[in-house]
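Letter by letter, the chains look like this.
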Amino acid sequence: MSAPNYKPHLSRSEIFYPTFERKSGNKEVTHYCPGCGHGSLHKMIAESIQDLGINDRTIFVSPVGCSVFAYYYFDTGNIQAPHGRAPAVGTGAQRARPHSVVISYQGDGDLAAIGLNEILQAANRGEKMVVFFVNNAIYGMTGGQMAPTTLPGMRTTTTPMGRDTRLAGNPTRMCELISTLDAPIYVARGCLASPKHTMRTRKLVRKALKMQTEGKGFCFVEVLSACPTGWGMQPVDSHQWILDNMVPQFPLEIFVDKTDLDHDDYIPPKAPSPETFHEVIRIADAANQMAPAQPETKYKDPRIKVAGFGGQGVLLLGLGLAQCGMMEGRHVTWLPSYGPEMRGGTAHCHVNIADEEIGSPLISKPTVLVAMNQPSLTKFEGELVEGALVIMNSSMVPNKPKRKDLELLELPATAIAEELGNARAANMVVLGAYAGYTGVLSLETCLESLKTLIKRQALVDLNVKAITKGFEFGKAARG
Amino acid sequence: MATEAKRPPLLIKGNEAIVKGAVLAGCRTYFGYPITPASEIAEAAAKDFPAIGGTFIQAESETASINMVYGAASTGIRTMTASSGPGISLMQEGISYLACAELPCVVVSIMRGGPGLGNIGPEQGDYNQVVRIGGHGCYKNPVFAPSSGQEMCDLTMHAFEIADKYRTPVFVITDGFTGQMMEPVSFPDPIPLPPEKDWAVRADKETRENLISSIYIEHDELEEMNLKLQRKYAEIEKNEVLAEEFMVDDAEIVVVAYGIVSRVLRSTIRLARAEGIKVGMVRPISLWPFPKKQLEALAAKAQQMIVFELSNGQMVDDVRLSIHDNIPVRFYGRMGGNVPTPEECLDVIKRYAAEGGAK
Chain A
4 MSAPNYKPHL SRSEIFYPTF ERKSGNKEVT HYCPGCGHGS LHKMIAESIQ DLGINDRTIF
64 VSPVGCSVFA YYYFDTGNIQ APHGRAPAVG TGAQRARPHS VVISYQGDGD LAAIGLNEIL
124 QAANRGEKMV VFFVNNAIYG MTGGQMAPTT LPGMRTTTTP MGRDTRLAGN PTRMCELIST
184 LDAPIYVARG CLASPKHTMR TRKLVRKALK MQTEGKGFCF VEVLSACPTG WGMQPVDSHQ
244 WILDNMVPQF PLEIFVDKTD LDHDDYIPPK APSPETFHEV IRIADAANQM APAQPETKYK
304 DPRIKVAGFG GQGVLLLGLG LAQCGMMEGR HVTWLPSYGP EMRGGTAHCH VNIADEEIGS
364 PLISKPTVLV AMNQPSLTKF EGELVEGALV IMNSSMVPNK PKRKDLELLE LPATAIAEEL
424 GNARAANMVV LGAYAGYTGV LSLETCLESL KTLIKRQALV DLNVKAITKG FEFGKAARG
Chain B
9 MATEAKRPPL LIKGNEAIVK GAVLAGCRTY FGYPITPASE IAEAAAKDFP AIGGTFIQAE
69 SETASINMVY GAASTGIRTM TASSGPGISL MQEGISYLAC AELPCVVVSI MRGGPGLGNI
129 GPEQGDYNQV VRIGGHGCYK NPVFAPSSGQ EMCDLTMHAF EIADKYRTPV FVITDGFTGQ
189 MMEPVSFPDP IPLPPEKDWA VRADKETREN LISSIYIEHD ELEEMNLKLQ RKYAEIEKNE
249 VLAEEFMVDD AEIVVVAYGI VSRVLRSTIR LARAEGIKVG MVRPISLWPF PKKQLEALAA
309 KAQQMIVFEL SNGQMVDDVR LSIHDNIPVR FYGRMGGNVP TPEECLDVIK RYAAEGGAK
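Going down the list, the sequences are from chains A and B. If you count by this note's numbering, then the first sequence holds residues 4 to 482, one letter each, in order. If you count by this note's numbering, then the second sequence holds residues 9 to 367, one letter each, in order.
Just chain B, same shape as in the assembly (with noise of 0.2 angstroms):
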């Protein structure tokens, strides 16, 4: 990640941060339409890409923005949009074109609490929707989960790297209050841009040739496509799995929790660990690839595992199949914009380590 020569921290909104990271990484249009918890990021791109002489266009819809982010990475520029759910929601039929044709950008989503309207607190019940895929087709997107303002800076740069790199849209995926809150922030420098893109369509004499579409009318062809998709894929899975490991080397319990929950387990486990409690934290980074390899090392010497969340448990699955089930894997969620306290989650854990390891 690029993180080299940083300069003293600003005091600065998460949301704001995820803009002055798109800046530094080259980005120079940002398409997007207003949404709480979210919009932080289109009035901070509204001031500061038309400044660095870039696109800043206020959409119609998500619809819009997301066709104007195919639009543009089509061109072969670095280009992105940002929401939360319900937009998330509209944007996805774009995000499966945009996968399918193989172009980069970067999608942010700020989660707020769901179903349907639901309400501007946070939330992570969108994971399902970006982890898993809320569009048609068999593609898939690498999920990148900041839990501090300076992730919320660095992950975005790397979430154009990794977007460049494999041609592929990359989320970038957080709640609300890592969204909202502020945090000391320290920029590194702008990081270069990548080679003119040959597949590009630049209108220009050297890529006239090119085509982006994602229709494949030959059944062999769009298999063919699709299989060289899951390589691309496979790859991705091998490369660049990020995750941080809290306490873990002598934990009967681990803890999975990334975003806002993290930082509650964080507290959590500083806790536990005063009253004698070996528990330490998984904390995925990327939710996919899925840091599969870490947890099934850990469930070798750990007796169970807790993932806490604020959903109805959607990264449980993930987990589970990553240990094969060779440990119980519980489950504590909180839901509706409500975050659990520390002490709420030492409960938890308490009443699990009481139950011990038996399934």
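Extracted from the complex, chain A is given alone in its bound form (with noise of 0.2 angstroms):
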């Protein structure tokens, strides 16, 4: 790119409204107080953008503080922002509309108080955004409160006898603490005080400006200023208060310049076309409709439980006989007990299959348990209806039910997936067995099922021969 043309703008900005329209009262003259920095800082701002060509491009975003009404001079796209959150603000639009130039304009109450977090991460992930930092020690538009950057000792309406650090803390200082970021490829503090060094911090203003149009990164200019009505001295007092008070303690450096490295920048992928649309969001693939099996009335419509250890593929299992239940035509719902109760510990789900509309998805009363292990079996043989199927892990689950009234299906689902080479294959040997058993589904629904279940190939095998034992085991003790 080459260097805009920097003339000295000797009329004003272009960049700044002829009028004040969104102001009320007097639509010639700012809000400002006299003496202000804001005023300077907007001018050289508004020269830059004008330099640089790229009002049409800008978004400014006003935040809470005095400079909240930024709007009413910029003659740029405007967005104001809750108090601290301009960064926030300013990650979603640059994100929404990647050729934008951001600024975000804040305070030091709204950057380094409320809004910390907010400046510290949109840096850290470096958002291609300008900061500018206006740090004059103390909360002007509420009144002159103490700011994180008041100085020890300085007097304000919330630290009248002065700012005492051991009970206050001490100032805030934003360019130190950014540049121990890895992303921001521009921080550096200038100050409004005198001729000179208003100059100096012109440049600082254009160089982070003119990385913006570049796409580069993520730039902060700190400016130290002077707020004449908040501090109770007359405006050119101020000035010389900020050389031989705040410089001191917010030394004017460049802390940050990685401006002249290359630029690792990131290209998102592109749309895909309206055909492959559904694939890349992964809906494309649905599983093919099987024909449904026809059970006997007593194993219709059944309210399933499925309980074991975590690691037992409990949930897995539960989601194959849904999925089943789905490829064959029916309604079906699948909900996980969640939480810290699946890390490690026991885990269970519900699962119907059913003809009609499913109500409850939560099942208090099952018509079918699936016990893994000797727990589940004690926990839920209470709630489950008279008649109720059982299939228990027998490899697992020394202890029958108590109840009589229950039908049981003893499965060694452990020991034939062992014997088949992978324990961990038991469940798809019960999902085989209650198919054989029941007639809930069929032989082919659950194979077919594996195409959705197991995403790992070199598994698909075992499984297939895990679900084929288990589904003659079932056929077989049903007779």
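Everything labelled a hint here was simulated from the structure, so no lab data went into it. Owing to the predicted nature of the structure, the values given are computational and were not obtained by experimental measurement. Warning: the hint list may mix true and false statements.
[To be verified] Okay, derived cross-link-like pairs now, DSSO-like style, lysine-lysine, Cα gap no bigger than 30 angstroms in a straight line:
1. LYS148(B) - LYS236(B)
2. LYS454(A) - LYS55(B)
3. LYS301(A) - LYS286(B)
4. LYS458(A) - LYS309(B)
5. LYS26(A) - LYS236(B)
6. LYS46(A) - LYS213(B)
7. LYS301(A) - LYS478(A)
8. LYS301(A) - LYS358(B)
9. LYS205(B) - LYS26(A)
10. LYS199(A) - LYS210(A)
11. LYS240(B) - LYS26(A)
12. LYS30(A) - LYS236(B)
13. LYS300(B) - LYS173(B)
14. LYS358(B) - LYS26(A)
15. LYS468(A) - LYS458(A)
16. LYS213(B) - LYS30(A)
17. LYS213(B) - LYS273(A)
18. LYS300(B) - LYS236(B)
19. LYS213(B) - LYS236(B)
20. LYS273(A) - LYS55(B)
21. LYS458(A) - LYS273(A)
22. LYS273(A) - LYS205(B)
23. LYS246(B) - LYS273(A)
24. LYS213(B) - LYS26(A)
25. LYS309(B) - LYS246(B)
[As the list claims (entries may be wrong)] The following label-pair restraints were derived from C-beta to C-beta distances:
26. GLU299(A) - GLU253(B): 33 to 41 angstroms
27. PRO203(B) - HIS86(A): 27 to 35 angstroms
28. GLN66(B) - HIS266(A): 20 to 28 angstroms
29. LYS213(B) - THR22(A): 18 to 26 angstroms
30. MET233(B) - LYS30(A): 17 to 25 angstroms
31. ARG169(A) - PRO94(B): 28 to 36 angstroms
All C-beta atoms, glycine included, are put in the ideal place defined by N, C-alpha and C.
Now that you have both chains on their own, put them together as the hints suggest.
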């Protein structure tokens, strides 16, 4: 990009509105107090926007503070943001419109107190925006309360005896804090206390904005600025006060300058074509519809609870039952026990398969219990309906149910799976056995469901065998 | 609602169906923070949004999430976030700003047990927070309450359309079970995007003069803005009510329930009907606007209404106001992550049936 032609601006920048129509009262003057630094900084920013020719692309985010009304003045796109949130608002806007030049313009309370998290995180993500941070060591708009940057001993309305660092902490140095992060490409501090300082600050502002036109990365420019009203000083004295008191606390340096380094840009994938869209968002691969099995009436519309240890594939087994039911054109629901219980302890899930629309997915009176371990049988035996079917993994459930009204299928699922080479296939043995015993699902459906259930091709053979073995066992047990 | 051209169903979690619905509705930016039982929404968005050229950001907090939504919505594109009660609490400031700045967006709340840190079980204790407004000022927001995986997709798509139609934040609110549950969902084709919005700040010449703001320093101007919002809300109340009726034609008892509870009550009503109890259900799908007219009409025929909720009765007042207390309104609720069984609800219905319609 060729260097912009920086002409001295002898008249008011075109980036300022000719009159401030959004403002009430006198539309010819700003709302800022005499001696305030905002006017000077506004001017520098406006002139840079004009010279860079970026006013159409610019989104100026105004925060809460004295500069809340920056949109009175700047002839750019304008967004007014909640207190402290300008970097988050800017992030949303910039990501939504990647060609935009986003300016976040914030005061010390807004940026370094309530918005400290947002500024650090936006900086750390390397958002493509420039943040202008006006540090005047005080809350101006709300009438002169302590800011994070208030100097030790400085009197404000909320530190009437002077800021006692033992009680109210020390001034926050934002440039220093932000320069510990890897992503920012430009971090600098200037001040507006003298013509010499002002000219230097003008360069910082221009450089940071120019980086945005090139989409280079996150830039942060802090500007020490006077608040004669808040400080209770004459404007001229306030400038000397900056030099004597603020500059020693907030040194005028360029902390980070990586602007010459090559920029490793992230280029997002292109939007998929309408033909591939469903594939990309993974909703294209609907399972084959299978012919429905014709079970005996007593096994129809099962309400199944599947329970066992975490790691026994209990949730996957439930999912398999639901998947098969869906493939056979039935209504199904699958509801897991979720949360901390999932991790390491016991797990269970509820599966409904029904011809008519399902009401409660939560099963209070199961018609089928799959107990993969002893605690599951003990825990859930009591809630079963009269005559319910219990499929117990007899390899791991030594004690049969106490109730005598239950229909019992003793299935050595773990042992069968071990014979096939992997105890973890016990869940699929159960799926096959349930289908074989009850006739609710067909063997073909169970095998077909593996296409959806098992992601690793290497495991498919094992699971085909497990389902088939289970199915034969179930069918034989039924007689 | 957009339900044309459906494909064969996929077995999918409700939370994931929300993301698919959002993507099919043309949403291309997601900003969110993890929280159980809503985290699958962020996880699915992290997969799908970048893959289609969109944006996913795991924000530093729910406060940042909603403000990123504010920024993205300001530029005129479809955008969303999701969370659960504690996170929605943190978003309330931003939602108030979105409402006043008239920015369309979709916010999903998958309710868990509260108050405080509570637990991650399903609850409906955030009805007041969302339906009655948790932020500051005189605003409202449409709220849709899915009760199935299919509705998680369909109502999310619908929410984006309502958000744009009225330039307002819209909530999709449900409980942890509906978020975690898997059901078959048939996904429709993508819906066309609305034309570029002329009010937005799009970082171009055409929209350079635009301002997105919620500040009205002059009292009269702010009052006028508020009146404008109220006119908009009146339109929404007139046009956007959604409710489902179930076996109400001859019902002496009308049950009112939404989300997972309506599913339980569907089972209960079948049990009750088998015993000859004339009971039916109204399921509000839009919680605001509330289906006042439907309830009012049914109150003219029924003897009593029973509100079932996973809360301390936050929807009860809306039912009572809708029917002007013309017939008794009873309440049964569970809290803390507990969901009543169909049999438990049947007992409640029987008890009130025995009492009849006497006040």
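*Of the hints stated earlier, which fail here?*
4, 14 and 23
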